[in-house]
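Note that full-length UniProt numbering has the sequence shown beginning at 1, numbered continuously upward.
Keep in mind that the hints were calculated from the coordinates and are not lab data. Some hints here could point you the wrong way.
In silico SDA-like links for lysine to any residue, alpha-carbon gap of 25 Å or less [to be verified]:
#1 Lys97 / Ser64
#2 Lys25 / Ile14
#3 Lys101 / Glu79
#4 Lys25 / Ser64
Treat the numbers as computed from the prediction; the structure is a model and nothing was measured.
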Amino acid sequence: MARLYEISKLPDIIIVNPIMHTYMKCSTYITGLALQYVAPEDFHQYSIDEFFMDMTASIHLFASNPCEFALKFKREIYERTRIESTIGIGPNLLLSKVAFKT
């Protein structure tokens, strides 16, 4: 792991300035994709780039199991935005967050 002052010297790292308006626009777009699969009350925005979806009531409409849905949704996000994503699956928010981090 490099120190902050060493980062600009590393050949594999490109430093770019954030464009918050674009970041927010992408977040809103991905939120819209998510809301195609769950009711608003089953969608929980955690931060600008993280949310939870309770798929209990609707997963049977879109996939035969949670892993299948996660792969499908991840692929859809990438195909529509070219943004990579990570999805954690669990029986509750805590365990899905832990799964997401590992």
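Comparing the hints with the structure gives:
For the proposed pair Lys97 and Ser64, the alpha carbon gap of about 22 Å is at most 25 Å, so the pair holds. A distance of roughly 23 Å separates the Cα atoms of Lys25 and Ile14; the hinted pair therefore holds under the 25 Å criterion. At most 25 Å may separate the alpha-carbon atoms for a hinted pair to count; Lys101 and Glu79 meet this at roughly 23 Å. With a C-alpha separation of about 31 Å, the suggested pairing of Lys25 with Ser64 is violated against the 25 Å cut-off.
In the structure shown, a violation is registered for the earlier hint numbered 4 alone.
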